[in-house]
Structures are given as C-alpha cells and as structure tokens.
Amino acid sequence: MYLVQDRQLKTRRLHSIFYHLPPLTDLFDAITRLLWWGLGLYTLGLVSGFFVGQPLPWAQVLCAFAVWLLYAAILQGRHLRRLAPKRVAALCIVAFGAALTLLWGITFSAQMHSPP
Amino acid sequence: MNLFCVGLSHHTARVETLEQFAGNAETCLLLRNAGCTEALFLSTCNRVEVYGAAATPLSTEDLARCLTRGTGQPSSDVPSAFYRYEADACVHHLFRVASGVDSMVIGETEILGQVKKAYKSAQSSGSAGPFLHRLFQRAFRVAKQVRTHTAITRGAISVGSVAVDLAYKIFGDLCGRKVLVLGAGETSERTARALVSRGVSDLRVSNRSVDRARDLAALVGGSAVPFEDWTNQCGEVDILITSTSSDAPLLYAENLAPILRSRTDRPLFVIDIAVPRDVHPDVNQLEGVFLYDIDSLQSVAEQSLVLRRRQIASAEAIIAEHVSDFWQRFFGGRASEDGCAITGQSSLTQPPLRVSES
Chain A
1 MYLVQDRQLK TRRLHSIFYH LPPLTDLFDA ITRLLWWGLG LYTLGLVSGF
51 FVGQPLPWAQ VLCAFAVWLL YAAILQGRHL RRLAPKRVAA LCIVAFGAAL
101 TLLWGITFSA QMHSPP
Chain B
117 MNLFCVGLSH HTARVETLEQ FAGNAETCLL LRNAGCTEAL FLSTCNRVEV
167 YGAAATPLST EDLARCLTRG TGQPSSDVPS AFYRYEADAC VHHLFRVASG
217 VDSMVIGETE ILGQVKKAYK SAQSSGSAGP FLHRLFQRAF RVAKQVRTHT
267 AITRGAISVG SVAVDLAYKI FGDLCGRKVL VLGAGETSER TARALVSRGV
317 SDLRVSNRSV DRARDLAALV GGSAVPFEDW TNQCGEVDIL ITSTSSDAPL
367 LYAENLAPIL RSRTDRPLFV IDIAVPRDVH PDVNQLEGVF LYDIDSLQSV
417 AEQSLVLRRR QIASAEAIIA EHVSDFWQRF FGGRASEDGC AITGQSSLTQ
467 PPLRVSES
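Note that the protein sequences, when read in sequence, are chains A and B.
Per our numbering, residue 1 is the first one in the first sequence, and the count goes up by one each step.
Per our numbering, residue 117 is the first one in the second sequence, and the count goes up by one each step.
Chain A with its partners taken away, still in its complex shape (with noise of 0.2 angstroms):
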C-alpha cells in the first residue's frame, strides 16, 4: 500500500485507489509496528523451535536466521534512519517473500523425507 500510494504521488496519477488509501507517513507508521511485532514473534518461532521441533538440516536453520538477520536489518536500517521509508517498504515485501520461500521450503521437505 505505501508503494502504491508513493507511486502515485509520484508520477502525479491519482487513479480511484488513492482516495481509499491511508495517508503515507501512517502507512509507514504501520510498516515499522509490523516489523517489530513481525521480528519479535519470528524470534520467538527460532527459539521454541530449538526445543520443541524436529532437528532441521543445517542449511534451513542457516536460512531461518538469514530471514531473521534481514528483519534486524531492515528494523536497525529504519532505526538509524539510514533507509528511507520507500526502501524499508520495499525491503519488507523482499523480506516476507523470503520467509515464504522458507516455510515452503521446509514444509516440502518435511513431506519428501517424511515415511510413506
């Protein structure tokens, strides 16, 4: 939503969407409560998974904590103002693509290495 809205006032086309939408700086209000929840309750899933879960291969514990470290990133980045709300944005939908991709990842190996 804050692209969009960016976006749009950007290139100065106000398409219907627009009047809809929050205003930006509460978007981006919203974006870095979300993360923080976002990287808090992702912290506590890396935690308990060390004491109730399956052993996992390395490598997907190693990309569990990339995620991880890129949520930290993202949240120091935006604490330190270094990275600028757009980016933040941006990077917000990278990092939730990779937790996806990661929670894909192991629930399709979990089904290829589980018995028939």
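One thing to keep in mind: the hints can contain errors.
In silico DSBU-like links for lysine-lysine, alpha-carbon gap of 35 angstroms or less [to be verified]: (1) A/Lys86 <-> B/Lys294; (2) A/Lys86 <-> A/Lys10; (3) A/Lys10 <-> B/Lys294.
Hint data in this document are derived by calculation from the structure and do not stem from the laboratory.
Go by the hints and put chain B onto chain A.
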C-alpha cells in the same frame, strides 16, 4: 395545482444575463402577486430560479418579468435563455440542482447550502407552503444520499484545496507540521491560509523584501525568516510553498539532496506555484520529495473532475428513483382524492421549454 420551475443558469445564460435577474427581497412578493400560491426564489452565482406552485398555469414570460421588474429592468427585455420545467421534470431538476449534478463544478457542495438558505428564506417570509415544503425536504434527503452513496464530491478541484488534500495524503494530520512559504504572493498566501485552517501552526515566511515577509507572516500567524537562510530551512520543514518572481529556478536537486540526508524518514512536500517555476523538475526524482507545480496541481484537479463525472450515472439513478417515489407518494395519490391534480406538461425525457417555445 401546477408545480413548476422557471429560471436560467450557466447552461443557458452568460453571467451578464444572470446578473440582470438576480432578484431582490421583493421577488417572492411579486411572484405571489403574479398568481403563485407558493414561491421560492433561488439565486446563486451560476443560476437564478423560481420554484413555485400555482392554481392556474402561469406563463414563463410573466414569471421572468417578475424577476426583471425586481431588478429594475424593462419588462420587455426577457431573454430566451429562460428554461421551464413542470411537474415531475421540476422535481427531477431540483433534485439534480441540490445534489450538485447540475452545477458548473460537478459535485460541489456549496449549492446545497444555498438551496437550504433559499428554502429557509421562503419559509420565514411565508411564501413556501406544503407543496414546496415536501419537495425541498425530499431534495435535501436526495442530496445527502447522493453525497453518501456516490463519490461525486470526492477530490479537490481548486489549486489551493488540491495542495491541502495532497498534504493530508502525505502527512495525515497537519497539526505540528512545519511550513515554509517562499515568496509573499497572493496564491502562496491563500495556500498558506488553507494549511493553517487545517491545523498547521509552525509557518515561516521568507521573501527578498523582509518587510513583505513580515507582513505576510503577521497575516497568516507565522514568523519571518531571512531570505539567505531559506535553503537551510528545507532540512526542518515538512511543506515548502514557493511563489517568487525569479526568472530561473532557485532550488535544484543538487542543492537539496545534501540537506535531505539528515531527514531520510520524513517526506518533503514541495508546492511550486510560481511561473516560471522556482523548483527544478529534477527535485521530484529525490527519494521522499513530492514536487507539485501549478500544472500538476491543475492536472490533479482535472483528474478529480473526471472521477466526479464518472459518478453522474450513479447519482442520476438515485435521483430518478426518488423522483418516481416522491411523485407517486405525495402527488400521484392526492390527485384523485381532493382534485388537487398536479399536471405534468413536460416529462423527464423532454428538454426544457424556452420562453420562445412556450
């Protein structure tokens, strides 16, 4: 009983003609004397109309003459620009007027206030009776429904209001936002005033002439900033309004980029209303900067108008439904009971009758 509307508007007459029929305090009295049982006079900058009910049909010439007499014009000078709607066509026309569908700027909401004012005035003078009361109450309801259920009022259509709307879309609540006005022109003053009315409290004015900067700052409740210091202010402010008479751009992307490095998380909205432009178009390429010059503001206004025009069909559907229901409920049933028939001489599909035709 004949229900009718006679008048002229921006569709049929020029401003000079409208001015001649602006009416006055005695207009309703003149209409009553001419034979109207009930009369309501609506006069705005784009239309002059009389809504009335009469026991016997009154000619458009007689009604137009009342307006002419009211403004002191010779009675023979009745232009052919007058239109006439009767019965259900009159109801339909009023609903379109009150909803802003018939306005010059489609969807403008000022007309509803003007119709309400005209109705109150007719009510207090006693010239509006039960027919007009029912008709106008329903018109207010229709206008409200059209406004709520369609997007006909959406989007700003003047340069100042477009700028304010865009500022809201970028920053949300404008309270606490900082604005720098560069150049003490009339347009920048109007835009600054519009922003102040939406909650901006920190307003800074910079101009080559310090006295003019101080004057404008005093007018809009801001503070004057030395002209030499305005570029540094760009690091602090959220909105920059420029309207100087400079022949060459004052702000380039190369000048602004280093200032913005310290504020990557805050957008900057630049409103350049100067001709020639004060801000180089390349500035819009900078991340977090939204540059709108006078052309782009007008283009946004036109886009809003296009969006509004697309809503006309939905508005017309609501109006048509109400016309049919209103006519059936209030006048269709009564006609046979008390002989108080409302005669419809023109239908919704017919064009308005001109004086020369009637």
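Consistency of the hints with the structure:
1. A/Lys86 <-> B/Lys294: 22 angstroms, holds
2. A/Lys86 <-> A/Lys10: 12 angstroms, holds
3. A/Lys10 <-> B/Lys294: Cα-Cα ~21 angstroms, so holds.
Violated hints are absent here; each numbered hint is respected by the structure.
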